[in-house]
Each structure stands twice: as C-alpha cells, then as structure tokens.
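Protein chains: 2
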Amino acid sequence: MNELAITLDTQNGVYLYEQIYQYIKNEIIEGKFRSGERLPSTRALAEHLQIARSTVELAYEQLVSEGYIESRPYKGYFVCPIEEMYHLEHQKTITKEEVKMENSYLYDLTPNGIEMKAFPFSTWKKITKNVLAEKQRDIFELGHPKGDIQFRNTICRYLHSFRGVSCEPEQIIVGAGNDYLLLLLGKILGENQKVAMENATYQRAKRIFVTSGYDIISLPMDKNGMSIEHLKNSQANIAYIMPSHQFPTGVVMPIGRRMELLKWAAEKEKRYLIEDDYDSEFRYKGKPIPALQASDKKEKVIYMGTFSKSIAPAIRVSFMVLPKPLLKNYEENAGFLSSTVSRIDQAILNEFIAAGHYERYLNKMRKIYRSKHDCLLEALKPFSHRFQISGENAGLHIVLSAKENKVTEEQLVEKAALAKVKVYGMSNYETRCEKEALSEKNKKNQAKILIGYAGLSEKEIEDALSILERAWA
Amino acid sequence: MNELAITLDTQNGVYLYEQIYQYIKNEIIEGKFRSGERLPSTRALAEHLQIARSTVELAYEQLVSEGYIESRPYKGYFVCPIEEMYHLEHQKTITKEEVKMENSYLYDLTPNGIEMKAFPFSTWKKITKNVLAEKQRDIFELGHPKGDIQFRNTICRYLHSFRGVSCEPEQIIVGAGNDYLLLLLGKILGENQKVAMENATYQRAKRIFVTSGYDIISLPMDKNGMSIEHLKNSQANIAYIMPSHQFPTGVVMPIGRRMELLKWAAEKEKRYLIEDDYDSEFRYKGKPIPALQASDKKEKVIYMGTFSKSIAPAIRVSFMVLPKPLLKNYEENAGFLSSTVSRIDQAILNEFIAAGHYERYLNKMRKIYRSKHDCLLEALKPFSHRFQISGENAGLHIVLSAKENKVTEEQLVEKAALAKVKVYGMSNYETRCEKEALSEKNKKNQAKILIGYAGLSEKEIEDALSILERAWA
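Just so you know, the protein sequences line up as chains A and B, in that order. Residue numbers are given in my numbering: position 216 of the first sequence equals residue 216, and the series is strictly consecutive. In my numbering, each number is its position in the second sequence, counted from 1, plus 473.
Simulated from the structure, these hints should not be mistaken for laboratory data. Keep in mind that the hints are not guaranteed to be accurate.
Said to hold, decoys possible - Listed below are the simulated BS3-like cross-link pairs for lysine-lysine, each with C-alpha atoms no more than 30 Å apart in a straight line: (1) B:K660 / A:K194; (2) A:K270 / B:K590; (3) B:K743 / B:K760; (4) B:K667 / A:K126; (5) B:K696 / B:K770; (6) B:K736 / A:K126; (7) B:K498 / A:K298; (8) B:K876 / B:K893; (9) B:K770 / A:K287; (10) A:K25 / B:K876; (11) B:K758 / B:K741; (12) A:K328 / A:K263; (13) A:K194 / A:K268; (14) B:K667 / A:K187; (15) B:K758 / A:K25; (16) A:K206 / A:K297; (17) A:K187 / A:K223.
These numbers were taken from a predicted model, which means no experiment stands behind them.
Please model the entire structure based on the sequences and the hints provided.
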C-alpha cells in the first residue's frame with residue numbers, strides 16, 4: 001500500500017485527524033489493509049494530503065492506542081494482527097420498555113400502599129437547598145461505609161427515644177433499603193445459617209435469605225407469633241420476626257413470647273434474632289410498644305428499621321443495628337464495602353429528623369392513618385357476620401378471616417377482581433410443601449384476605465369496601 | 474393483690490393512663506405482681522383513683538398489647554407468665570466514634586483522589602430544586618428495580634455516543650455504587666464461578682467476588698493486559714478486566730487483545746467478560762477508545778460504569794449493562810430486589826446528563842486533569858534516569874517503575890512517608906502465593922509506585938514531587 005485514497009472534507013465539522021483515523025480504521029476492519037502491511041510515513045501522508053504532519057501523527061497515535069496499528073522503531077507504522085474482525089454497530093437500539101399498567105382495577109387494597117399527600121415537601125426542599133448550600137464540596141466526597149457519623153448519632157437518639165433501642169452509633173449500618181441490608185447481613189453472618197421464619201411471613205426477606213444460601217425453616221404461628229415449641233425443636237440458629245406488627249398476619253407479639261425468644265437465642269452462641277421493625281411507627285391505641293431489641297441484654301437482636309415506609313419508598317434509606325459481637329464479622333466480611341446511600345441524602349434526612357420534622361410528620365401521619373383505620377373498621381361492620389378481623393390497631397393493613405369455609409381465598413380474590421377491586425390473599429405470603437397442601441384440601445382451610453388502606457382516601461376506602469361487600473354477597 | 478399503691482401526679486405532664494401503665498409494668502418487672510395474679514377491675518381501680526374508667530382501660534389495653542397482662546372473659550385481667558425478666562435500660566450510650574485522621578501527611582498521592590472544585594454546584598442545586606418542584610409526589614414512590622426508564626434511556630444514549638456501547642434500556646441495571654452492583658452480579662451469575670483477574674488488579678472487586686464464593690484465578694499480565702495464554706490454560710469462565718485503563722498498571726488494552734478475549738469468551742456458553750470501565754472518561758490524547766462491549770457481537774460482555782468517579786464519590790450511582798442472555802438470570806435471581814438508588818437522585822442525574830451538563834463537565838474536567846497530568850509528567854522529568862513512567866495519557870494516576878533493583882518498593886514508600894508524602898506501592902494490588910514470593914526474592918524485583926494526581930492542585934503536585942525527588946535522592 002503506497003497511497004491512501006482519503007478525501008478530506010474541511011467543511012463537515014469533523015477534525016481532520018479523526019477523518020484520517022476513521023478512514024484507516026475502516027480499511028483495516030474491512031480487510032483492505034492486511035496484518036503486517038506498512039502504512040505511509042506521517043511525513044509522506046501529510047505531504048500527500050497537504051496538511052500538517054502533527055495531524056497525521058495524532059491519527060496514527062489514536063490507531064496505535066486502540067491497537068489497530070503499531071509503531072516499529074526506525075521502520076514505521078504497521079497494521080496489527082487482529083484475530084477476528086468486530087466493529088461498532090451504530091444501529092439505533094433505544095426502545096421503550098413495556099410498562100405494565102394495572103388500569104383494570106378501580107381500587108388496589110395493597111398492604112404496601114402509603115399516603116404521601118401530607119408529606120412536608122416544602123420543608124424537604126428547604127432542607128435540601130440548605131444542605132447543598134452549606135455542605136457543598138465535602139458532602140460530595142465518599143463517606144463512612146456504615147453511614148455518616150452525625151446521621152448514625154441521630155438515628156441512635158431517635159431509636160432510643162421512640163423505640164427504646166439501646167445502641168451506639170458504631171453498631172448502626174445505614175444502607176439503601178431493606179433488601180440491600182438483608183443481602184449485606186448474608187455477608188456479615190456468613191454461610192450455612194438456618195433461618196426460622198413464621199408461616200406466613202415477608203416473602204421478600206425469605207427470597208433474599210435463599211439467595212444467601214440459607215436454609216429456611218417455616219414454623220407455624222399461634223396467636224402470639226412464632227411457635228416457640230417448634231423453634232426449639234428445629235435446627236434453626238436464627239429467627240426472623242416482626243414483633244411490632246407481624247407481616248402479613250398483623251400479630252403483635254406479647255412480652256412473654258418475646259422473652260421466650262430472647263431466652264432461646266441466649267442459649268447458644270451463634271443464635272440470633274432478626275427483628276424487622278418495618279412499620280412500628282404506626283400504632284393507633286396506647287403508646288408504641290418498645291422494640292424487642294430494647295429487652296435484649298445478651299446482644300442477640302439484629303434490629304432492622306427503614307425510612308422507606310415512614311417517609312417514602314423512594315427514599316432508599318434503611319438501617320440495621322448489629323449486636324456488638326457481630327461487629328467483628330461485619331469488619332471482616334463486609335466492612336470494606338462502600339456505603340450505598342448518598343451523603344447528600346444522609347444529610348437531608350439527618351436534618352429532617354434532628355430538627356424535629358420527622359417526629360411531627362409521624363404524629364401527623366399516625367393521625368391520618370388512624371382515621372383511615374377507623375374508617376376501614378367502620379366500613380367492615382357489614383362483614384362482621386362472615387369475617388373475623390385481626391391485625392388492627394397497628395401498621396397499615398388488617399386481615400379478614402372467613403368464619404365459614406364455604407368460600408376459598410381464590411374465590412374471594414376473584415370475585416373482588418371481577419368488581420375491579422384488588423385484594424391480596426394470605427396464601428401469597430405462606431410457605432407450603434406439596435404434601436401439606438394436599439392434606440390441607442381435606443382439612444378446614446380458612447380463607448384469609450389482607451386489606452391495606454394506607455394509599456387510599458377515606459372516601460375511596462368506603463367506596464372500595466362497599467363494592468367488596470356486594471361482590472362477596 | 475387487692476389494692477394498688479399508685480400515686481397519680483396530675484402536674485408532671487405525663488398522661489394518667491401512662492402513669493398507671495408504668496406503675497403496673499414496673500411492679501410486674503420487679504416481681505411484685507406475680508404471674509397469674511388478678512389485677513383490680515377497671516371499675517374498681519377507677520373508683521379508687523377517682524378517675525375515668527376509660528383511662529384505666531387504656532392503661533390495661535396497653536399492658537395487654539405488650540403482653541404483660543391478659544384479659545380473661547368474665548374473669549378480669551391477670552398477670553401473664555413471663556419467663557425471664559428483662560427491662561429497658563435507659564443508659565446514655567451515644568459516643569463519638571474515633572475518626573482516624575491522617576494528619577501526618579503533607580500530600581497524599583492517592584490514585585483514588587478526584588477534583589471537585591470545578592463541579593457545577595449551582596447547576597446541580599437548580600436541577601435538584603426543579604426536580605423536587607415538578608415531580609413532587611410520584612418521585613417519592615418506589616421505582617423500577619432496574620432504575621427508572623427515563624434514566625436508563627439517558628444512560629443508553631450516553632453510552633452509545635461516548636463509549637460506543639450498544640444496548641437497550643432493559644439491559645441496564647442502576648445501582649448504588651460498583652460494590653453493590655458486583656454483589657448483585659454475584660446473585661445474577663449464581664454460584665461456582667471461576668473468575669480470572671489480572672495480577673495486579675482492583676482488590677475491592679476481588680474481595681467482593683470472594684464474598685460471593687467465587688474462585689479467583691490471578692493471571693500474569695504482559696504489556697497488553699491479561700495474558701491470553703494463561704487465560705486459555707486456566708479453568709476460568711469469567712475474566713474481569715479494565716481495558717480502557719487498567720487499575721493499577723494503567724495499561725490500555727489494544728484491539729488485538731480485546732478480540733482475543735472476545736473470542737475466548739465466545740468459545741463456551743457460560744463464559745463472560747466483565748468490563749470495568751471505571752475512569753474511561755479521562756483520556757488526554759486523541760479521542761476516547763470505545764468500550765470493549767462495543768466490539769462484542771456475541772453477547773459476552775458485562776459492562777460496568779459509574780458516576781462516582783466522573784461526578785463525585787458521594788453520588789452513589791453506578792450501572793451495569795447485562796448481555797441479553799443474562800437477563801433471564803437477573804429476573805430469576807435478583808429481579809425482585811428493590812432499586813438501591815433514590816428516584817430523586819435518578820431524576821437529578823438524568824436531567825444533568827440529558828441537558829448536556831454532564832458532557833460539558835466532563836470536557837472541563839478532562840482539560841483540568843490533562844493539565845495536572847502534563848504538570849506531573851513535567852515534574853517527573855528529574856526522575857527519568859531512575860524510573861520508567863507508564864499508564865500515562867489516561868485515567869487519574871501513573872506508575873513509576875524503578876529501572877534498577879537497588880531499591881525496594883517498601884523503601885520508596887517509607888522514604889516518602891518520612892518526608893510526609895504518601896505514595897502507594899504496586900504490591901498493594903498484587904496477589905502472590907507464598908511460594909512465588911519466596912522465589913521472587915532471588916529474582917529481579919522491580920519496585921513500582923503509583924502516583925495519583927487528581928485530588929491535588931498543580932502547585933501541590935509540583936511541591937509533592939520535589940519533596941519526593943529529595944526523599945528518594
């Protein structure tokens with residue numbers, strides 16, 4: 001190859017060096033220049049094209065750095081051997097993903113709904129503005145893996161005042177949501193854990209434990225929560241519980257059962273309780289029940305809390321409190337992992353809590369949710385001859401249990417769906433082995449339906465329940 | 474127990490029901506009320522205390538809900554059996570954590586530094602304000618597990634224009650930092666993977682693979698990166714590489730080696746390449762080299778990128794592009810996990826990129842870093858008789874290799890430390906088995922030092938290097 005048939009275009013806005021680079025690259029890709037072939041010298045090409053030699057040099061350097069050609073001292077530039085020819089495909093590949101719209105329902109009584117209308121957006125915006133104005137540069141630097149110390153201090157104080165939790169900031173790990181923290185906990189505890197979970201339970205937590213390779217032991221519940229007898233007879237070394245308001249049954253675990261669990265955990269070194277305190281902020285009768293962790297003297301409770309339920313799901317900020325003996329595990333197995341929460345978000349939330357806005361907001365929301373809760377119970381009165389209500393007075397959903405077994409859960413869900421109301425059957429949250437499921441067909445099989453109300457207005461609750469009443473009549 | 478010795482205080486601001494609740498609870502905890510003992514009826518106690526019966530009822534209900542007492546129909550309230558007595562400890566436990574200050578160094582030539590002074594804070598603040606003003610409510614709701622579709626569309630377009638990456642939004646997963654995405658990748662790929670890594674490599678990635686239970690196979694490098702011969706002879710099914718600017722060596726992988734790697738991956742179904750494109754935005758000569766993913770026609774490259782390096786470490790937003798065959802794995806193993814990035818942060822970053830601010834900022838930073846880079850190379854001229862420079866023209870650090878083996882890496886690091894300049898030895902990023910380490914004592918062992926310059930001003934770079942020159946004289 002003695003000459004290059006390049007035609008440079010000085011009008012199209014593309015740098016000359018790039019036109020040369022692109023031309024030669026294409027020739028190589030299309031096999032017109034072969035491996036080992038010598039390119040014209042930079043001087044010769046510059047003269048041929050009537051341009052500065054440095055322009056050609058720049059093009060050649062780019063080709064060298066991308067490995068298309070190589071420079072051999074005193075000899076010149078040669079095309080590199082390239083095993084297989086790939087090239088950039090510049091096809092337009094951006095397509096819209098299908099977003100599944102659930103237009104078909106009038107009302108969705110999801111237990112995961114929350115109300116955002118009363119959120120103090122203007123306060124949040126003001127704090128955001130102040131945080132960005134005051135902190136500027138340092139807040140853009142990487143923070144502590146556990147979360148910023150000021151924020152952890154604030155969480156400590158909040159947990160102590162509102163949940164009775166005793167801990168030091170070093171025990172707190174801030175993370176981007178409960179899912180992440182459960183994944184992290186898998187790393188902290190290490191392999192081969194056997195986790196007892198109530199049946200029914202929070203299925204998302206279960207799936208995450210499964211991805212951590214843990215054995216799941218589903219235990220029956222009685223009216224006080226996880227069966228302590230079954231736990232004792234199991235091989236489990238960890239029990240995952242939600243004492244404040246069990247999901248999905250709504251059971252509030254009484255102090256006696258809590259003590260039994262703490263005693264069980266204290267009996268062996270590697271035993272722990274995971275307390276998921278996901279919606280403890282909302283209790284409508286009497287004062288809040290302290291966390292299980294508050295009664296733990298033996299460093300056995302791993303406490304998990306979140307701001308995603310009490311502020312907004314989009315706020316990806318949760319936290320866990322590790323008992324001190326697990327801090328060494330954390331340092332060894334997970335301490336090197338960077339924090340998953342932006343320092344800006346930490347600073348905003350820190351100010352929101354420390355300045356008392358969070359408490360005020362919780363009080364406001366408790367009032368709003370209590371009113372919705374009471375409205376729901378009122379609307380459920382016509383259901384009382386056929387259904388028993390449980391799980392009320394706390395959290396954001398209740399459970400309806402059919403008093404007779406004439407009707408199945410599936411029928412209730414389907415009838416509601418036909419009337420365009422979405423309700424959730426308890427079985428979604430249950431674990432059954434096939435054998436049990438078969439034998440249960442012959443047993444009394446009580447239909448149970450979850451009714452979430454947080455995301456609907458009182459008017460909507462009344463409307464949805466009156467539709468449901470007719471649908472189930 | 475026939476009578477309660479409660480003295481109510483109407484002046485202390487504590488609700489009467491709470492005083493009753495607290496009194497009875499304490500009596501139970503202190504063992505003064507025994508299990509099975511009957512409490513006075515609500516009517517009797519109300520009369521005794523001269524208060525409304527509903528107040529006593531509220532106290533009793535709270536005790537019932539916490540499990541201290543139970544209500545027996547037609548019989549009254551009884552103290553529950555409680556196995557072991559725990560109680561809340563209200564000690565003040567908030568202590569300041571020790572924050573290790575590295576005051577002892579004048580200059581830290583860390584390869585992880587970045588410059589934040591040129592960041593367009595006012596633009597960022599404005600976008601934040603607009604996002605919070607416009608989106609309000611819906612932005613506080615939980616988003617798509619992979620990240621919001623608008624944001625993934627924007628990332629797609631950006632990757633296509635700037636890195637030559639071909640992908641669809643459905644292939645993109647947004648996550649809170651590279652560490653998180655590598656953890657997630659561990660879930661997506663599943664167990665029993667054998668990962669080939671260059672020696673030296675990015676140790677954090679290695680540790681995360683180890684926590685996922687993966688076998689790590691450390692392979693030697695030549696001037697083009699990972700040795701393809703060693704890779705072929707290994708049992709590895711995954712290769713982790715940084716083709717744009719390998720960390721820590723600074724090697725830019727030429728097209729030939731890239732093609733060999735793609736060919737290797739295409740030979741077997743379960744083989745994949747993980748391309749960590751951590752600092753590809755910064756290239757100071759010619760135009761950016763397209764990503765390896767851009768040459769991948771066989772769906773073999775898992776591409777990882779981050780905004781933590783190019784914007785700010787505190788911005789916990791990274792992303793990965795999964796090849797289409799892995800989308801099924803993602804859905805099955807990890808698709809249920811919630812997003813770890815706040816939708817507000819996604820919306821802000823989306824606007825920052827889509828409105829062209831990101832491109833302008835990168836161009837500005839490229840200029841600033843190029844100037845620092847050139848300043849460093851100038852300041853390194855006096856070192857040229859004893860050290861070889863490599864890894865220049867891209868990224869945010871270079872490597873100095875001692876030409877003679879009179880001096881060890883340890884000596885260089887120590888001498889620098891005595892002169893209050895922190896430098897980083899290559900061995901920090903290397904994996905050596907003991908046997909190798911022993912045999913290497915007899916071999917030529919070239920001292921290599923990383924010099925990061927991004928976080929220092931040009932004046933500081935000159936100053937630090939002149940100190941280093943004297944320290945190493």
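Notebook entry, point to check: Hints broken by the structure, by number, lowest first?
Noted result: Result: hints 2, 3, 4, 6, 9, 10, 11 and 17 break, sorted rising.
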